[in-house]
Amino acid sequence: MSPILLIVFLPLIAAAIAGLSNKAFGSVLPKLLTTGALIAACALSWPIFLEHLHGGIAPTVTPVLHWVSSGTMHFTWELRVDALTAVMLVVITSVSALVHLYSWGYMSEDPDQPRFFAYLSLFTFAMLMLVTANNLVQMFFGWEGVGLASYLLIGFWFRKPSANAAAIKAFVVNRVGDLGFMLGIFGTFLVFGTVDIPTILAAAPGMAGSTIGFLGYRFDTLTLLCLLLFVGAMGKSAQLGLHTWLPDAMEGPTPVSALIHAATMVTAGVFMVCRMSPMFEMSPTAMGVVTFVGAATCLFAATVGLVQTDIKRVIAYSTCSQLGYMFFAAGVGAYGAAMFHLFTHAFFKALLFLGAGSVIHAMHHEQDMRFYGGLWKKIPLTYWTMMAGTLAITGVGIPGVFDGVAAIGFAGFHSKDAIIEAAWAAGVPSAFWVGVFVALLTSFYSWRVVFLTFHGKPRWAGSEHIQHAVHDAHGHGHDAHHDDQPSAEDAGHAPDAHHAGHDDHAVEGTAGYHPHESPWVMLVPLLLLSMGAIAAGYVFHGFFIEAEEGAHFWNGSIAFNAHLMHAMHGVPTWVKLSATVAMLLGLGSAWYAYIGKPGFAAAVASNFRVLHTFLLNKWYFDELYNFLFVRPAFAIGRLLWKAGDEGTIDRFGPNGIARLVQLGSVGTARLQSGYLYTYAFIMLIGLTAALTWVIAG
Amino acid sequence: MSGFPILSIMLAIPAIAAVACLFAGAKGARWIALGATLIDLALGIWLWAHFDASPGAAQWQYVEHVRLFGIGGVDFAWALGIDGFALLLIMLSVFLMPICIGASWTAIEKRVPEYMAAMLLTLILMIGTFAAQDLLLFYVFFEGGLIPMYLIIGIWGGANRIYASYKFFLYTLLGSLLMLIAMIAMLLNAGTASIPALMAHDFPAQWQTWLWLAFFASFAVKMPMWPVHTWLPDAHVQAPTAGSVILAGVLLKLGGYGFLRFSLPMFPEASAQFMWLVFALSCVAVVYTSLVALVQTDMKKLIAYSSVAHMAIVTMGLFAFNEQGIDGAMMVMLGHGLVSGALFLCVGVIYDRLHTREIDRYGGLAINMPRYATLFLLFTMASVGLPGTSNFVGEFLGLAGTYKASTLTAFIGTTGIILGAAYMLWLFRRVVWGDLTKDDVRAMPDLSMRELWLLGPIAAAVLWMGVYPESFLAPMRADTARLVERVSRAAPAGDSRPTPGNPAAAPAHGEGHGAAAGEASATNHSGAPAAASAHGGAH
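These protein sequences, in sequence, are chains C and B.
Residues 1 to 697, numbered by our numbering, are exactly what the first sequence covers, in order.
Residues 1 to 539, numbered by our numbering, are exactly what the second sequence covers, in order.
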């Protein structure tokens, strides 16, 4: 049996057993089963990846089951493994296995653990189906499968209205993207006569210059198809315009945010663009759009991330922004760099989320950084691992501008700087400048999290959660806090304008609370991910982005542009230094604002109140969409129902006929009671008449 | 085959059982009805297993022909026989019927023998409609099928059942009269009542237009298409649970079957001529009824409106004039039959406990009814067309086919996946999620064994159709191909018309280029003028 079958289907089997047994086996067995399945899948995935690192491995396709044949359209369930898939396999199975493990600790007090672990494993299965797809429809299956799992996990605490709303929003906004994806598949099938990805990619160059009709206009064929598919990618990867679901998705338990909304699912869009890269390469227009959307998201999300006070939301916007980086890397043709950033980002962003989870765990479910501070001595391991994640995301390292010293740094240094340099080398200076500026913002908001959380004086006294915990410790133990979590969290989640100016003005003091370091089952994943955050960039950069090695490694699974990767090395020294300088500026200003001169941040916020409010409210996207789409949908629905169906169709239709009949002095009562016989009678008469007519004729 | 009249037996068994029910007590009638429907299910499985789907197999199988009488040179016969389309719809009917009997086991308390007889009569008429090969026979089954439905709504329905069945009656009356007249005209023109012969008969174009419109009047109401859909929500709301299951599960498929059996093969030119009418009404239906579904407060009405939206995908696919469209339309019919049936059963389960369909009266059922929540979730996801479930295969193929015919129609049809997700998840959130705050809701027990046996098989079928639809696509593959070939002479051009590629390095890629162009025009019926001429120019 091919190992890929085990990798993909073990999580499904584990999920089915854990989910359907419904607590019949207690919670330990389902947890063992799902975690064990994921560790096994992970153990089987790494050898595949390492084998591909040697390069030159031909793709394999393992057929599973026939799926659909309709006319000339055929597609099957099959599992493709090539270098691109291999990268995704290790990312997915590693992070998923660690998140499963971490959840033993994080979710230990939850009564619904089997369900939680079943959802996590189900998600992993769907994600694996997505990345092993050899045809667009199976990719869409995985695409929707991860959407389902995401919906279920965001809404895991289904008693909370805010979690319900976030789950629905995530699913529906993603469906807007799916509309594009589906139309893209339809168009692709129409043009190429197949949904088989290798066949499409092989035929794509032949369709350059072709035009196609769509909605009454004519477009360049490949541009249209790429853009339709890209709309799908925008939805899944939370790009500007379709990003609104991602921050709300933080309603889900934190391990979910780490696995789905940071490391894996949200990167599916980047994966898709890379998978279809030979087709995107044929359309400069589509590439330009990808670059623009990526850069715009990168910038937008970073600005919003600057001012959020909920620790998970900052990291969520950070994810959104990093995805923007990946997209503009793909847009300028540096698919290797995009995938490299996807790879390193998976480790350090999962680490940051799980670290945030550890902080939240320690702070009794308080998520508002305004009520943190001074935690580094209390939870040192969490602190140091979060530090590793921050060093990775901000891109700390020594650029390769000194003679004899190769560039070396934390994971994000290698991957993000590669993107920024590639933007310059590809001749897209606007993307380059956005990349550099966002590197500054990234550094600022990331260090802001560290400083607000771990440094300064404790500000715990103002937190309702902490007050509750302290009260509980004196009163009736520990077990009540899940029930009252909703209301308190809601309060924490809606930073109203009143609070806006008081970024860091919480009450100081510990309120007698003693944060506790997380159990080992949570710390081990943090430590392992830290290793990834520290070393993944340096160890793997050769395979992903060096011209010769990269071409050998990718082996045609993406449109690897060795020429561009070469050119990256030739960029001017100041370009190579720019990201590092931006990073240092961000670090310095964050230090000044939150450590050096406390109160400075609040002063800036109140001086630029309008801008601050604008950012705090996330550029008012939610309000705009509510006004444009949500409320009109309900209002129009009501109008069509009352004025359309009841007021027009029924009024002039059946009810109108009834009235006419009444006017014609035929008693409706008689008609109503005798309608059945009338009907049968009419049928009979009709038949008789028919036969008579035929005889006569 | 072998001359064994299995179709007649499938009609006779419920007929005998129906009579027996009338002479039995309530308990006896239930068991008789269950037994008879299970025997029919077993026979249906036998039909399916022995259906020859290999290429070159006969189009019509299990054929029976007994001449009844002749009038003016036209012979009428007890003629039965099925092709793949009919086989699958018969399977749907016999699969759902025992489940309906089970769903009525405790919910129906008054006049049980009559009720069971009415259900069995419905089954007879449905199988008869799908198996009939004689125009007269078809008409009797097709129109007669509504009579037990009137009774079920009118006698065992809710408070406002008279208005509902009256509305149902008014709508169908008009359509059926027009259809009858059209059928007479067909007899006159073709001189035969045999449906297979009529399907091969070429009616003059002038006749086709009028005949098509007359049939359309009947099928559009049955479908139902916007704007003649308003009987459906009322009928569903007033019907007992099992009545809703049959109504949504099978009776709504009569319209689609009618298009497939009559409108398309008999009037290809008229079908092409009115394609835009069908597309326009379908587009309106998808958006309109989805938005209306969003604001419903009654669960059954919500699902009823969603049915109208789903049926619009069927009509789009049917009139796309290609294999994907027709296969997709059939798969949506089958998938929707299962899923909406299951959703009505889900409503029935909680209606039996709390006696209200008001969405706001529920909430938090995931807490005290986890099994119910799981199954409801599965059917919700199937209803929104999640891949891996039955409805995805249908919607995907149907819309892919539609895209070839009209990108705008496909675009609007595909917006249904957004709106569908919105109203179904909003329903799920209000009924199953949320906190358990109401005492009477908290007291509701989870699914009983009987209820699990009703929903479990549907769940399995939904997943089967989603993961391995080949079992369902294979029997109708030849029929789809025949139908597409039959209508191809009238197939309108699509609006995509991709031109062949023209890569910069034209000479080097000359060969691939020609191949790509050929493929484009071959797969795209549209192709006709633009692509073909460009193709020619490329050589």
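Calculated from the structure, these hints are not laboratory results.
The reader is advised that the hints may include incorrect statements.
[To be verified] Here's a subset of chain B near chain C, in silico, CB distances under 7 Å, partners left out:
#1 W60
#2 V284
#3 E323
#4 E470
#5 S471
#6 D495
#7 P503
Cβ coordinates follow ideal geometry from the N, Cα and C atoms, glycine included.
Now for the hints, and whether the structure bears them out:
{"no.": "1", "hint": "W60", "result": "violated, 22 Å"}
{"no.": "2", "hint": "V284", "result": "violated, 10 Å"}
{"no.": "3", "hint": "E323", "result": "holds, 3 Å"}
{"no.": "4", "hint": "E470", "result": "holds, 5 Å"}
{"no.": "5", "hint": "S471", "result": "violated, 10 Å"}
{"no.": "6", "hint": "D495", "result": "holds, 5 Å"}
{"no.": "7", "hint": "P503", "result": "holds, 4 Å"}
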